[in-house]
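Here the protein sequences line up with chains A and B, keeping their order. Under this note's numbering, think of the first position of the first sequence as 1, with each following residue one higher. Under this note's numbering, think of the first position of the second sequence as 1, with each following residue one higher.
Take these hints with a grain of salt, some might be off.
With beta-carbon atoms standing in for the labels, derived distance ranges [stated by the list, open to error]:
1) B:LYS71 to A:THR55: 38 to 44 Å
2) A:LYS113 to B:PRO61: 37 to 43 Å
3) A:GLY62 to B:GLN81: 43 to 49 Å
4) A:THR51 to B:GLN50: 18 to 24 Å
5) B:PRO61 to A:SER26: 22 to 28 Å
Listed next, the in silico DSSO-like pairs over lysine-lysine satisfying Cα-Cα at most 30 Å (straight line) [as the list claims (entries may be wrong)]:
6) A:LYS49 to B:LYS44
7) B:LYS51 to B:LYS71
8) A:LYS58 to A:LYS69
9) A:LYS49 to A:LYS69
10) A:LYS49 to A:LYS101
11) A:LYS58 to A:LYS68
12) B:LYS51 to B:LYS62
13) A:LYS49 to B:LYS51
14) B:LYS27 to A:LYS58
15) B:LYS27 to A:LYS49
16) B:LYS51 to A:LYS69
17) A:LYS58 to B:LYS44
18) A:LYS101 to B:LYS62
19) A:LYS101 to A:LYS68
20) A:LYS101 to A:LYS113
21) B:LYS44 to B:LYS71
22) A:LYS68 to B:LYS44
23) B:LYS27 to B:LYS71
24) B:LYS27 to B:LYS44
25) B:LYS71 to A:LYS101
26) A:LYS113 to A:LYS49
27) A:LYS101 to A:LYS58
28) A:LYS101 to A:LYS69
29) B:LYS27 to B:LYS51
30) A:LYS113 to A:LYS58
31) B:LYS62 to A:LYS69
32) A:LYS101 to B:LYS44
33) B:LYS62 to B:LYS44
34) A:LYS101 to B:LYS27
Keep in mind the hints are simulated off the structure, nothing from the lab. What you are looking at is a predicted structure, and each value in this text was computed from that prediction instead of being measured. We treat Cβ as the ideally placed atom computed from N, Cα and C, and that holds for glycine.
Residues per chain, in single letters:
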Amino acid sequence: AQSVTQLGSHVSVSEGALVLLRCNYSSSVPPYLFWYVQYPNQGLQLLLKYTTGATLVKGINGFEAEFKKSETSFHLTKPSAHMSDAAEYFCAVSGNTGGFKTIFGAGTRLFVKA
Amino acid sequence: NAGVMQNPRHLVRRRGQEARLRCSPMKGHSHVYWYRQLPEEGLKFMVYLQKENIIDESGMPKERFSAEFPKEGPSILRIQQVVRGDSAAYFCASSPRAGGGMNEQFFGPGTRLTVL
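Using the sequences and the hints given, assemble the complete structure.
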């Protein structure tokens, strides 16, 4: 079985500050990991994903995430927050064992203060 | 290339009525997923379909909910005899291949169902 835990349902940062959104996963098979962003009244959009290979993954809008197997984590970071980054962020996990589900975390809402 | 399309975007129903939500996947995508999002909650998987086949419906409530993806036309999520607890945003996603793996899912804008 797979699961995702996002620590902190709400995170607030100042514009220009570091963004750190935490995600821990549980998976009995090598995981595929994703971060999606959701702007108000819109669907989800892929930020980045980890499948295999390099554990530091770069995505759109300056975001990156690092897969740490020993910590079962896939935290999302951005060096400098912008007002336009205010949105809800979802971490997700899937596997390659033939299961079809992608399991989503509960989401973290990011607020950016001027 | 149009993205995933969902209609209607907003749907209001009274208790006991039926709700039909439509999803047209991206061109070339033959895999469709439905999710439900309740306020302040993440997305909950409901069902995964390929053309004319339900592959995984483990997230679907046992009663009143059904889904189809016919050979022609959009995928339909049908909710019979709606109750207030069905009020939520319903998202459809599609992928070109099975999504239980490394492939990204492309999401539609969602249908927001309100049950009065």
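Quick rundown of the hints versus the structure:
The hint said 38 to 44 Å for the Cβ distance between B:LYS71 and A:THR55, and at roughly 42 Å that hint holds. Distance hint for A:LYS113 and B:PRO61: a CB-CB separation of about 40 Å, consistent with the stated range 37 to 43 Å. Here the CB-CB span from A:GLY62 to B:GLN81 is close to 47 Å, well matched to the stated 43 to 49 Å. Range check, A:THR51 to B:GLN50: about 22 Å between beta-carbon atoms, so the 18 to 24 Å window is met.
Evaluation of the 22 to 28 Å hint for B:PRO61 and A:SER26 yields a pass: the beta carbon distance comes to about 25 Å. Of the pairs offered as hints, the one joining A:LYS49 and B:LYS44 holds, with about 20 Å between alpha carbons and a cut-off of 30 Å not exceeded. The suggested pairing of B:LYS51 with B:LYS71 holds, with an alpha-carbon distance near 6 Å, which does not exceed 30 Å. Taking the CA atoms of A:LYS58 and A:LYS69, the gap is near 17 Å; set against the 30 Å cutoff, the hint holds.
Proximity of A:LYS49 to A:LYS69 is assessed by CA-CA distance (about 15 Å); at most 30 Å being required, the pair is judged to hold. Only pairs whose Cα atoms come within 30 Å are accepted, and A:LYS49 paired with A:LYS101 is accepted, the gap being roughly 16 Å. For the given pair, A:LYS58 sits about 15 Å from A:LYS68 by alpha-carbon distance, which is consistent with the 30 Å threshold. Restraint check: the Cα-Cα separation between B:LYS51 and B:LYS62 comes to about 22 Å, which is no more than 30 Å; the hinted pair holds.
A C-alpha spacing of about 26 Å is found between A:LYS49 and B:LYS51, which places the hinted pair at or below 30 Å, so the restraint holds. Of the pairs offered as hints, the one joining B:LYS27 and A:LYS58 holds, with about 27 Å between alpha carbons and a cut-off of 30 Å not exceeded. Using a Cα cut-off of 30 Å, the hinted pair B:LYS27 and A:LYS49 holds, with the two alpha carbons roughly 22 Å apart. Distance restraint check for B:LYS51 and A:LYS69: the Cα-Cα separation of roughly 36 Å exceeds the 30 Å cut-off, and the hinted pair is therefore not satisfied.
A threshold of 30 Å between alpha carbons decides the hint, and for A:LYS58 with B:LYS44 the separation of about 26 Å falls inside it, so the pair holds. A C-alpha spacing of about 18 Å is found between A:LYS101 and B:LYS62, which places the hinted pair at or below 30 Å, so the restraint holds. Restraint check for A:LYS101 and A:LYS68: satisfied, since their Cα atoms lie roughly 22 Å apart, inside the 30 Å limit. At most 30 Å may separate the alpha-carbon atoms for a hinted pair to count; A:LYS101 and A:LYS113 exceed this at roughly 36 Å.
Restraint check for B:LYS44 and B:LYS71: the C-alpha separation of about 26 Å stays at or below 30 Å, so the hint holds. Between A:LYS68 and B:LYS44 the CA atoms are separated by roughly 25 Å; this keeps the pair inside 30 Å, and the hint holds. This hinted pair checks out: B:LYS27 and B:LYS71 have alpha carbons roughly 14 Å apart, not beyond 30 Å. Taken as a hint, the B:LYS27 and B:LYS44 pair is honoured in the structure, with Cα atoms around 25 Å apart against an allowance of 30 Å.
Taken as a hint, the B:LYS71 and A:LYS101 pair is honoured in the structure, with Cα atoms around 22 Å apart against an allowance of 30 Å. Pair hint A:LYS113 plus A:LYS49 holds up; C-alpha atoms about 27 Å apart against a cutoff of 30 Å. Restraint check for A:LYS101 and A:LYS58: the C-alpha separation of about 24 Å stays at or below 30 Å, so the hint holds. Distance check on the hinted pair: A:LYS101 and A:LYS69 sit about 21 Å apart at the alpha-carbon level, within 30 Å; holds.
Distance hint between B:LYS27 and B:LYS51 is fulfilled; the C-alpha atoms sit about 13 Å from each other, no more than 30 Å. Proximity of A:LYS113 to A:LYS58 is assessed by CA-CA distance (about 24 Å); at most 30 Å being required, the pair is judged to hold. Between the alpha carbons of B:LYS62 and A:LYS69 the distance comes to roughly 37 Å, so the proposed pair goes past 30 Å and is violated. A distance of roughly 10 Å separates the Cα atoms of A:LYS101 and B:LYS44; the hinted pair therefore holds under the 30 Å criterion.
For the given pair, B:LYS62 sits about 15 Å from B:LYS44 by alpha-carbon distance, which is consistent with the 30 Å threshold. Taking the CA atoms of A:LYS101 and B:LYS27, the gap is near 22 Å; set against the 30 Å cutoff, the hint holds.
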